[in-house]
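The hints should help you fit chain B onto chain A, whose structure is shown.
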Amino acid sequence: MTDTETPLISMKGITKRFTGVVANQDVDFDVRRGEVHALLGENGAGKSTLMNILYGLYRPDSGAITVGGVGRTFASPRDAIAAGIGMVHQHFMLIQSQKVWENMILGLESLPEILPRRDIIRRIADLSAQYGLEVDPMANVWQLSVGEQQRVAILQMLYRKANVLILDEPTAVLTPQEAERLFETIRQMTSEGHGVVFISHKLDEVMRITNRVTILRRGRVAGSVDTAATSKEQLAEMMMGEKIPFSVSKPPMRPGERILEAEGITVLGDRGFPSLSDVTLEVRANEILGVAGVAGNGQQELCEALAGLRKLESGRILLSGTNISGMSSRTFIDLGIRYIPADRKGTGLVPNMNVEENSILKKYWSRPVARGMMIDWKRVFEFARSLVSRYSVSTPSLATPVRNLSGGNLQKLMLGRELSDSPQVVIAMHPTWGLDVSATRFVREQLLEERKNGAAVLLVSEDLDELQALSDRLAVLCKGELMGIIDNPADVSRESVGLMMAGTPLESVALCTGGA
Amino acid sequence: MRIGSGSGKKLTLTIEKRLESPGALRFVIPSVSLLAALATGAVFLFLMGVSPFEAYSAMFRAAFGDGYGISETIVKSIPISMAAVAVMLTFTMLIYNIGAEGQIFMGAIASAAVVRYCFVDSAPAMLLMMIAAAGTAGGLWAALAGYLKARWNVNEIISTLMLNYVAIHLMDYFVYGPWRDPASLGFPMTAPFPGVARLPLLFGTRIHMGLFVAVFLALLFFVLIRHTRWGYEIRVIGENPRAAGFAGMNYVRNVILVMFISGAIAGIAGMCEVSGLQGRLQHGFSAGYGYTAIIVAWLSQLHPIAILFVSFLIGALLVGGETLQIVMRLPLSSTLILQGLILFFVLGGEIFKTYRIRFQREDA
Numbered sequence: 005m006t007d008t009e010t011p012l013i014s015m016k017g018i019t020k021r022f023t024g025v026v027a028n029q030d031v032d033f034d035v036r037r038g039e040v041h042a043l044l045g046e047n048g049a050g051k052s053t054l055m056n057i058l059y060g061l062y063r064p065d066s067g068a069i070t071v072g073g074v075g076r077t078f079a080s081p082r083d084a085i086a087a088g089i090g091m092v093h094q095h096f097m098l099i100q101s102q103k104v105w106e107n108m109i110l111g112l113e114s115l116p117e118i119l120p121r122r123d124i125i126r127r128i129a130d131l132s133a134q135y136g137l138e139v140d141p142m143a144n145v146w147q148l149s150v151g152e153q154q155r156v157a158i159l160q161m162l163y164r165k166a167n168v169l170i171l172d173e174p175t176a177v178l179t180p181q182e183a184e185r186l187f188e189t190i191r192q193m194t195s196e197g198h199g200v201v202f203i204s205h206k207l208d209e210v211m212r213i214t215n216r217v218t219i220l221r222r223g224r225v226a227g228s229v230d231t232a233a234t235s236k237e238q239l240a241e242m243m244m245g246e247k248i249p250f251s252v253s254k255p256p257m258r259p260g261e262r263i264l265e266a267e268g269i270t271v272l273g274d275r276g277f278p279s280l281s282d283v284t285l286e287v288r289a290n291e292i293l294g295v296a297g298v299a300g301n302g303q304q305e306l307c308e309a310l311a312g313l314r315k316l317e318s319g320r321i322l323l324s325g326t327n328i329s330g331m332s333s334r335t336f337i338d339l340g341i342r343y344i345p346a347d348r349k350g351t352g353l354v355p356n357m358n359v360e361e362n363s364i365l366k367k368y369w370s371r372p373v374a375r376g377m378m379i380d381w382k383r384v385f386e387f388a389r390s391l392v393s394r395y396s397v398s399t400p401s402l403a404t405p406v407r408n409l410s411g412g413n414l415q416k417l418m419l420g421r422e423l424s425d426s427p428q429v430v431i432a433m434h435p436t437w438g439l440d441v442s443a444t445r446f447v448r449e450q451l452l453e454e455r456k457n458g459a460a461v462l463l464v465s466e467d468l469d470e471l472q473a474l475s476d477r478l479a480v481l482c483k484g485e486l487m488g489i490i491d492n493p494a495d496v497s498r499e500s501v502g503l504m505m506a507g508t509p510l511e512s513v514a515l516c517t518g519g520a
Numbered sequence: 004m005r006i007g008s009g010s011g012k013k014l015t016l017t018i019e020k021r022l023e024s025p026g027a028l029r030f031v032i033p034s035v036s037l038l039a040a041l042a043t044g045a046v047f048l049f050l051m052g053v054s055p056f057e058a059y060s061a062m063f064r065a066a067f068g069d070g071y072g073i074s075e076t077i078v079k080s081i082p083i084s085m086a087a088v089a090v091m092l093t094f095t096m097l098i099y100n101i102g103a104e105g106q107i108f109m110g111a112i113a114s115a116a117v118v119r120y121c122f123v124d125s126a127p128a129m130l131l132m133m134i135a136a137a138g139t140a141g142g143l144w145a146a147l148a149g150y151l152k153a154r155w156n157v158n159e160i161i162s163t164l165m166l167n168y169v170a171i172h173l174m175d176y177f178v179y180g181p182w183r184d185p186a187s188l189g190f191p192m193t194a195p196f197p198g199v200a201r202l203p204l205l206f207g208t209r210i211h212m213g214l215f216v217a218v219f220l221a222l223l224f225f226v227l228i229r230h231t232r233w234g235y236e237i238r239v240i241g242e243n244p245r246a247a248g249f250a251g252m253n254y255v256r257n258v259i260l261v262m263f264i265s266g267a268i269a270g271i272a273g274m275c276e277v278s279g280l281q282g283r284l285q286h287g288f289s290a291g292y293g294y295t296a297i298i299v300a301w302l303s304q305l306h307p308i309a310i311l312f313v314s315f316l317i318g319a320l321l322v323g324g325e326t327l328q329i330v331m332r333l334p335l336s337s338t339l340i341l342q343g344l345i346l347f348f349v350l351g352g353e354i355f356k357t358y359r360i361r362f363q364r365e366d367a
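Chains as they are written, first to last, in the working numbering: chain A, 5 to 520; chain B, 4 to 367.
Pulled out of the complex, with its shape left as it was, chain A reads as follows:
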């Protein structure tokens, strides 16, 4: 029997060390019936460790977990699931090649040999209706949009009768409209007595949807407050441990001449289908062109095409009026086009190589770093040292493999490498994704600095606030097509942008100004 006073789950005095590094120190965290409890913190603050402990992936060095007042130890996620805890990861743990209903029963024990397909599908339908999680049980997962896949992942947890749902940055992949639907679902779940843990970087959402907030800083609880009794600024301050102005100031600036132009470009995605069709846009000097869109709607392909990394099926790319389409990606780099990819460790950096070696990835073939065939490691050392100090990368040494750097420092290093020799064009994809407040601010300031210095900047982001704050114009992509370019993005409502992200062309959207 669970009375209303006993939390659904309670973690007390959780401590977890990894080889001398404290990931969690004496952390208390609980989830009550019917509440949304936000877990906030910078990268490396210990959120993931804490949730992985709750989900049975790690065992704490000390501390206790109680479920409904009863002490439990979880040896694996299976135990946690059995105790009614479900986690929806950022990258959904779904089998892409299977159907929705098959994914529902993934990992369930004690299924009959012959699967009761009809019963399963009926239960999915019931749960879908109950929580507003529309999805076709017979659909193949790989055919679903990201938003739909998230619904499947949540349904999967509800199907397993999870009482407590851990949602890890659930809105990162959603349109504003989809996020609204998710919030409805969350409200429905809490009204039925479920508890929800909401991990997010977006303070607006935390303020809107949650009842309580626990902030972690360097592995310890920096504060635990009722949402109603706090403010965004206070939360940011608790995360950071110091007051930091929240927005960056963008001085007005007159855009210069056209630098980078895409004329009706069409490119194929990795699966061989067109991912970008007939997109025409231009980026001028002293300008930031924002690109909005739900993840996977052609942004990646756009960036890669503009950086010379993806072959054009049709269309042209011009740099200061010269056709450069079809030239090698090396030529694009030599012409001053720099690209900051979203996937830092996977694409932008070489994790097992050290800071020095990573610093020359885009210049190892040219003087002064290269001398003929040879690389002058002395100069590399000096270059890396100046990069690290100019972009305040915090690293134990220049010989440290970059896999050991935190997300913010990885990004600073990559940013420094791409920006250090005053590029003409900067293409940045999700440059602040996953960064803490101070690193985010640093990155934004650097992009504005490039704008000031006359670069043409193309910024792809999933954070509408960021796009509205930084962009001079805002292009919106949906399914690889350009829905239009908004000339005054700061004055346009989020709803209008959301409609365009969902596929409504600019002409058909009544641009209501003001609201946010």
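Some hints here could point you the wrong way.
Here are the simulated lysine to aspartate or glutamate pairs, EDC-like style, with alpha carbons at most 20 Å apart [said to hold, decoys possible]: (1) Lys-165(A) to Glu-209(A); (2) Lys-315(A) to Glu-265(A); (3) Lys-367(A) to Glu-242(B); (4) Lys-483(A) to Glu-511(A); (5) Lys-349(A) to Asp-184(B); (6) Lys-206(A) to Asp-469(A).
Covered by chain B, per the in silico footprint, the following chain A stretches (three or more residues, Cβ under 8 Å) [said to hold, decoys possible]: (7) 328 to 334; (8) 347 to 356; (9) 378 to 387; (10) 457 to 463.
It should be emphasised that the hints constitute simulated quantities derived from the structure, not laboratory data. Fair warning: this is a prediction, and the values are worked out from it, not measured in the lab. Glycine included, each C-beta is placed from N, C-alpha and C at the ideal position.
Using the frame of chain A, we list chain B on its own:
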């Protein structure tokens, strides 16, 4: 899941990721792995009915006991180290050239062909032509697999391995067929090479000039990999091919080029073996050096200089292994078992570079 009941302390063993790997591990882990392999080998020797202590000490004496033993160890280590440098180069780029053995054979065939068809009576000219032919033949043999890999993503492990059999049988065709020495009493071998086609011997032993070639190649590739633009490229491609493409590096060209160079080195190893040691082409002249090289390259952590030393140790193992056969009356394959154990433990030990085992007591 909790197993068992009752209270009290219990000892648990957890495997967790290391946040950093101390530099000393690079040396400690392979050494401990080597010892563990020898210890396991001792069990095997014991089961074969010989005293492991006697067997190991006999091997040690054979390999290092006198000048002859040491010189034989060096002789064995020459082709191994060259072939190891060859495969190390591709492994650095995460391309798995398992075909050094076949490339050694192609190099040997090509040098024998030069002796047979392009004979000139001048040692420098002869040897240079043989080296060039051997390098080209081995290089093209490997580049074939490299091209298939780069162009159509054909698994190079399989293609290089299969090409080994082709090369070995091709050589057998020549030594059993058209190139067989009529005076060999039916043995599958060519006529002895004339003196100008032989690499000079050193110190009055069987050690030949190939030793200098091997040392030179190891040093050369140390510099190439660590200090040139090209070496940087292959390391980046090996560590993160996506980042390599992002930096405008040409994957296709580098795969083919690296495979060619790797095959060329192995081909030259084959030439040194026939010209320096055997003095003729004969059936089974390479005792699996191309495969042994794979073990050596991994034991050396893909470090060219370390390859020289590890090759020497493995050479000693081979010389000692012959002793096992002669003195202990064990089959020659016992040495292969020891080699296999070493590779197994060294590769298995790699996990301890990134993970550590921790014992802890906790309340049950």
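Sort out which numbered hints this structure fails and list those numbers smallest first. 1, 5, 10
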